[in-house]
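Construct the complete structure from the given sequences, taking the supplied hints into account.
Sequence order for the protein chains is A and B. Okay, so the first sequence: first residue is 20 according to our numbering, each after it adds one. Okay, so the second sequence: first residue is 20 according to our numbering, each after it adds one.
Bear in mind the hints are in silico, worked out from the structure with no lab data behind them. We treat Cβ as the ideally placed atom computed from N, Cα and C, and that holds for glycine. Some hints could be false.
Partner residues aside, some chain B positions facing chain A, computed with beta carbon under 7 Å [as the list claims (entries may be wrong)]:
{"no.": "1", "residue": "LEU45"}
{"no.": "2", "residue": "LEU190"}
{"no.": "3", "residue": "MET195"}
{"no.": "4", "residue": "SER313"}
{"no.": "5", "residue": "ILE405"}
{"no.": "6", "residue": "GLY416"}
Protein chains: 2
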Amino acid sequence: MKKNAFYAQSGGVTSVINATAAALILESKKHKSKIGKVYAGKNGILGALNEELIDTSKESISAIESLKSRPGGVFGSCRVKLKSLEENKKEYKRLVEVFKAHDIGYFFYNGGNDSADTAFKVSQISKKLGYPINCIAIPKTVDNDLAVTDCCPGFGSAAKYIATSTLEASLDVASMSKTSTKVFILEVMGRHAGWMAASSALARKDKNDPPHIILMPEVIFNQKNFISKIKDIVKRDGYCVIVASEGVKNSKGKFLAESDTKDAFGHAQLGGVAPYLSKLITEKLKFKNHWAVSDYLQRSARHIASKTDQLHAEAVGIHAVKYAVKGLNGVMPVIVRGKGKKYSWKIEPAPLSKIANVEKKLPKSFISKDGFNVNSKAISYLKPLIAGEAFPEFKDGIPRISNLKLMLTPKKLKKYIP
Amino acid sequence: MKKNAFYAQSGGVTSVINATAAALILESKKHKSKIGKVYAGKNGILGALNEELIDTSKESISAIESLKSRPGGVFGSCRVKLKSLEENKKEYKRLVEVFKAHDIGYFFYNGGNDSADTAFKVSQISKKLGYPINCIAIPKTVDNDLAVTDCCPGFGSAAKYIATSTLEASLDVASMSKTSTKVFILEVMGRHAGWMAASSALARKDKNDPPHIILMPEVIFNQKNFISKIKDIVKRDGYCVIVASEGVKNSKGKFLAESDTKDAFGHAQLGGVAPYLSKLITEKLKFKNHWAVSDYLQRSARHIASKTDQLHAEAVGIHAVKYAVKGLNGVMPVIVRGKGKKYSWKIEPAPLSKIANVEKKLPKSFISKDGFNVNSKAISYLKPLIAGEAFPEFKDGIPRISNLKLMLTPKKLKKYIP
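Have a look at this one:
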């Protein structure tokens, strides 16, 4: 029985989420007896609720192929979490209404923890509302914090960007340190998990190479030790490079970026752990310092994507389709690492019940004793994920981005009023 | 007559300054009858004053070649400006003492405005102190603010990084804008000149593409117009991307980054024009916004260097040597753009008197009427400078950086006490 498919992008986007989309759309074309059209939700799940369905069959094969090197979420993403079926049945009934109207039998949801939760809820529609649907969640997040899967598509490329940027900026500050900047701070994403900060360690060739200090949300910030460590490193090497997760917290569990000591005056801190640390270093050590906040740059830097990550992103898209046509429901294609010394991986289905809402932090066994670094175990885990380059095509000096038609399929239903 | 050469890196480094160094060292080897050893100053001019001379003849050819893709200043740079010969004769006498001791007859100084000034002063040693020296300044600065030369080595690569990052981050924020981030701000370098901010315009394919607003130091910040423009753009496109020079000033001539309106409470602003604008947008428009500060990342991003810039950087190194052995003194090899439609360039010598201490800002004729953008004239100027890629070799997922010996030549003089 042939059914159409619905695919949506959810939550913070990555530099390779469109590679997943492209692989999924192209793989679907190989299963013409089971899958008809692939509709992409405009702005994630909102596209389903609002019946804004982008008809990907209107795009040329080359346009779909071009998505493999386009960062961001081409169909639009959203930060919307469905309530449970019991709490908001209306939403699920609307989904079923839209699915019925457009003959949708496959639901693909490409996102992180929250999205796995939404997909898990949608996977229960068959049983609870009697509408048959095969629901597959597809992993994506630069945070690398999904359970079960060995890593998350999007992370490897962000990690490669961070390791490369740390290496390059370190060579810069090393040159300047004699008469100018002594400390450089790079702030990276990671509100709750330190995977991205940890990946900066891949910039090192030797033990004492920069980054000299890595601050992760998993370790409570110890100001005294931090200041004394910087002092020691500047004494030893002439300069110090620090990579800090945005989510570093103090002993009161408060984000450093929000913990302006002077807020008795009613001042809101402008945000950013890097400027906070910069101020601290200037006050306590009088070292000239520079800071950078990479924010969206790190998760959209497709120009320095990891080939391995790119392959993972495509593989989960392909396997999502394979699982769906096999009749699987409520699963996610996850990345499983081989046991051998040489890095190998395969894709397997895992139940969403084990993934939804679970957050995988950096394990304690990856963190150095003093809490300012990661160890060789972490390096062994991280290294293969940034391996290989996948440069996009360039035109006029910048990555070539193709325009898509993004045509909406005609609506058949009344407007949805939430 | 055969003489040794002294080469030094000065001021803020770039992703291609070592390419200039490599080209200069390799070119020197072609003039064995005139140039003996090339000594590189450890930490710029300080290396000459302190008699810390790195003997580049100890490095293998492949090690020198590898410098072509190494960002930062491999020999160390410095922020030191020599006083005039009249004000501090002692310094110049010391230079002559070191030059004599090591038989140095060529002085190459690789830097920006201030360095051109230092080189100009050194070029007068022959006449004023009677020690014969051929002094050539070599252009380098991401700021692109040197006079006479059409552009500055280092700028094209920073511009390519900024255009690419703006493009990538814009695709990201566009995906998120329906339910989350509506405004993204990227802060770039440029304390006095807006060349780097302007280069973000190269991210556009169509007129209305991001970046939607470019803030340059050449234009006084008008808060009212700024806020109203963001509002209009978010209404039109759903999101707004802003690229701001760190050096944007208000009508009182004060840097925005230092102009915290609440400083009556004695609060020091943490710095950064991006967090300042972010706070302003949150207060005035309540739009969720994100900001990034690229700082050293933009000027060290060798992984996305411009091939054109790389070729410029090598060419000025080669011509510096050619001019020196011809007996020129007090000149800089500058880049001259051809008149034709197709981009072409050549290198010519220009007198340092016309370059030292002059700052070339973005011309008014490049800036749009409303002051929030650059026009097609600017684009025509900028576009060829980011053309072509010059990817470094990668190893284990990051750019390969070779170790150099950096051996100091034995000292012959007493320690210098300034």
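To see whether the hints hold, each was checked on the structure:
Interface restraint check: LEU45 of chain B against chain A, minimum CB-CB distance 21 Å, threshold 7 Å, status violated. Evaluation of the LEU190 of chain B hint against chain A yields a held restraint, the C-beta minimum of about 3 Å falling below 7 Å. At about 6 Å, the closest approach between the beta carbon of MET195 of chain B and any beta carbon in chain A falls short of 7 Å, and the interface hint on this residue holds. Hint status for SER313 of chain B relative to chain A: holds, with the closest Cβ pair at about 6 Å, below 7 Å.
For ILE405 of chain B, the interface hint holds, since its Cβ comes within 7 Å of a Cβ in chain A; the closest pair sits about 3 Å apart. For GLY416 of chain B, the interface hint holds, since its Cβ comes within 7 Å of a Cβ in chain A; the closest pair sits about 3 Å apart.
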